[in-house]
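Engineer: Listed below, chain by chain, are the residues.
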Amino acid sequence: MATLTTLLPLLSSVLSFVFAALVFRRYLWRRRPHLLIWAIGLVFYGIGGFCEAYYGAFGWSGLIFRLWYLCGAILVAAWLGQGTVYLLAKRRWANALMIILVAASLYGMVRVFTAELDPSLMTTSVHTGSELSGHAIVTDGVRVLTPFFNLYGTVTLVGGAVWSAWLFWRKRILLHRTIGNILIAIGATLPAFGGTFSRFGVPLALYIGELLGAVLMFVGFIRATTPMDDTGERRRRGGE
Amino acid sequence: MADKNERTSRKHEYPPFWDKVVPIALTIIAIIMFLLLGIIVGVAMGLFPGG
Chain A
8 MATLTTLLPL
18 LSSVLSFVFA
28 ALVFRRYLWR
38 RRPHLLIWAI
48 GLVFYGIGGF
58 CEAYYGAFGW
68 SGLIFRLWYL
78 CGAILVAAWL
88 GQGTVYLLAK
98 RRWANALMII
108 LVAASLYGMV
118 RVFTAELDPS
128 LMTTSVHTGS
138 ELSGHAIVTD
148 GVRVLTPFFN
158 LYGTVTLVGG
168 AVWSAWLFWR
178 KRILLHRTIG
188 NILIAIGATL
198 PAFGGTFSRF
208 GVPLALYIGE
218 LLGAVLMFVG
228 FIRATTPMDD
238 TGERRRRGGE
Chain B
13 MADKNERTSR
23 KHEYPPFWDK
33 VVPIALTIIA
43 IIMFLLLGII
53 VGVAMGLFPG
63 G
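So the protein lines, in turn, are chains A and B. Just so we're aligned, residue 8 is where the first sequence starts under this note's numbering, counting upward by one. Just so we're aligned, residue 13 is where the second sequence starts under this note's numbering, counting upward by one.
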């Protein structure tokens with residue numbers, strides 16, 4: 008169990024950083040802001056996974072815990088979702104929401120790094136004793152921020168991917184993007200479900216959800232950005 | 013010209029499998045998303061342990 012609590016988040020972290028590098032490289036080619044914001048969101052995902060792996064390997068550290076809570080619990084979904092907002096919404100709206108998100112993120116950062124911690128409450132020990140939990144933050148008004156970021160992140164990231172896939176399906180165009188967006192939407196929901204199952208006592212659920220989520224979003228991104236080869240299909244139809 | 017028309021119309025087709033699976037998948041994901049939103053709101057309201 009102790010090995011898995013290190014290995015699973017470490018894998019999520021490495022995958023997320025590789026994914027972030029890939030998305031950032033694409034940003035350098037195409038200079039589209041959604042790619043930059045996604046890359047930042049994926050770096051947050053990677054930092055969150057790294058902190059969990061660090062905790063699994065070496066145990067308690069206030070700095071690592073604060074970094075985990077800020078990047079992994081508060082910021083990641085909202086920043087990934089903000090990338091989708093830049094992709095789908097008008098630039099003026101996206102910019103306005105970006106200003107709010109940056110201000111809220113800075114506020115969250117200050118609150119998390121000045122909060123009082125209780126190390127004895129750092130895991131979900133009542134249930135599984137394996138995954139990290141926000142319980143260790145005992146200062147009022149910090150953990151209450153998290154659902155607002157995650158609400159925004161879920162609506163924009165999952166909702167945006169579902170909306171995109173629906174539009175492509177309705178017009179019956181760009182099948183690869185339809186499939187890619189479906190995979191991204193499923194992947195984006197898995198960490199949240201993992202966290203929920205973890206709260207209800209399923210061991211390692213959060214870390215498994217995060218790893219599967221990273222894998223599916225990665226595969227979805229590759230699928231969405233790689234047009235499908237239909238030459239075989241054309242050849243088959245030509246022979247009919 | 014015929015070839016051009018065929019290519020144009022083919023752009024607006026999905027293989028039958030995907031044509032059926034996509035709306036089902038999207039409906040399921042949308043339901044899951046609303047469930048998640050409910051859970052998040054529940055966590056914010058203190059209805060779930062560990063929130």
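Just so you know, the hints here were simulated from the structure itself, not pulled from any lab data. It cannot be assumed that every hint is accurate.
Derived coverage of chain B by chain A (criterion: at least 3 residues anywhere in the stretch with Cβ under 8 Å from a Cβ of chain A; other residues may be distant) [said to hold, decoys possible]:
#	stretch
1	24-35
2	45-59
Cβ-Cβ distance ranges computed for the label pairs, FRET-style [what the hints assert, rightly or not]:
#	chain 1	residue 1	chain 2	residue 2	range
3	A	R32	B	E25	29 to 37 Å
4	B	A42	A	M235	31 to 39 Å
5	A	L11	B	P35	22 to 30 Å
6	A	G66	B	D31	49 to 57 Å
7	A	S127	B	P27	37 to 45 Å
Which chain A residues stay away from chain B? Per the calculated CB distances, all over 12 Å, these [unchecked claim]:
#	residue
8	L14
9	L17
10	M116
11	T161
12	L164
13	L181
14	I186
15	N188
Don't be surprised by glycine CBs; every beta carbon is placed ideally from N, CA and C.
Engineer: Taking the shortest Cβ-to-Cβ distance between A/T161 and chain B, state whether it exceeds 12 Å.
Structural biologist: violated, 6 Å
Engineer: So is A/N188 really clear of chain B, every C-beta pair being over 12 Å apart?
Structural biologist: violated, 9 Å
Engineer: A/L181 clear of chain B by more than 12 Å, beta carbon to beta carbon?
Structural biologist: Incorrect as stated: the minimum Cβ-Cβ distance to chain B is 9 Å, not above 12 Å.
Engineer: Compute the least Cβ-Cβ separation between A/I186 and chain B, then decide whether it is above 12 Å.
Structural biologist: violated, 7 Å
Engineer: Can we confirm that no CB of chain B comes within 12 Å of the CB of A/M116?
Structural biologist: A/M116 is indeed farther than 12 Å from all Cβ atoms of chain B, at 20 Å.
Engineer: Using a Cβ cutoff of 8 Å, are there at least 3 residues of the stretch 24-35 of chain B near chain A, or does the coverage claim fail?
Structural biologist: holds (count 8)
Engineer: In this structure, is the beta-carbon distance linking A/L11 and B/P35 contained in 22 to 30 Å?
Structural biologist: Violated: the Cβ-Cβ distance is about 37 Å, outside 22 to 30 Å.
Engineer: Determine whether the non-interface label on A/L14 survives the test: each CB of chain B must be over 12 Å from its CB.
Structural biologist: holds, 23 Å
Engineer: Is the listed coverage of the stretch 45-59 of chain B by chain A valid when you require three or more residues with a beta carbon under 8 Å from a beta carbon of that chain?
Structural biologist: holds (count 8)
Engineer: Does the Cβ distance between B/A42 and A/M235 fall inside 31 to 39 Å?
Structural biologist: Between B/A42 and A/M235, where Cβ atoms are some 24 Å apart, the hint is violated.
Engineer: Holds or violated: is the Cβ of A/L164 farther than 12 Å from all Cβ atoms of chain B?
Structural biologist: Incorrect as stated: the minimum Cβ-Cβ distance to chain B is 10 Å, not above 12 Å.
Engineer: Range hint 49 to 57 Å: satisfied by the CB atoms of A/G66 and B/D31?
Structural biologist: holds, 52 Å
In summary, the structure is inconsistent with hints 4, 5, 7, 11, 12, 13, 14, 15 from the numbered list given earlier, while agreeing with the others.
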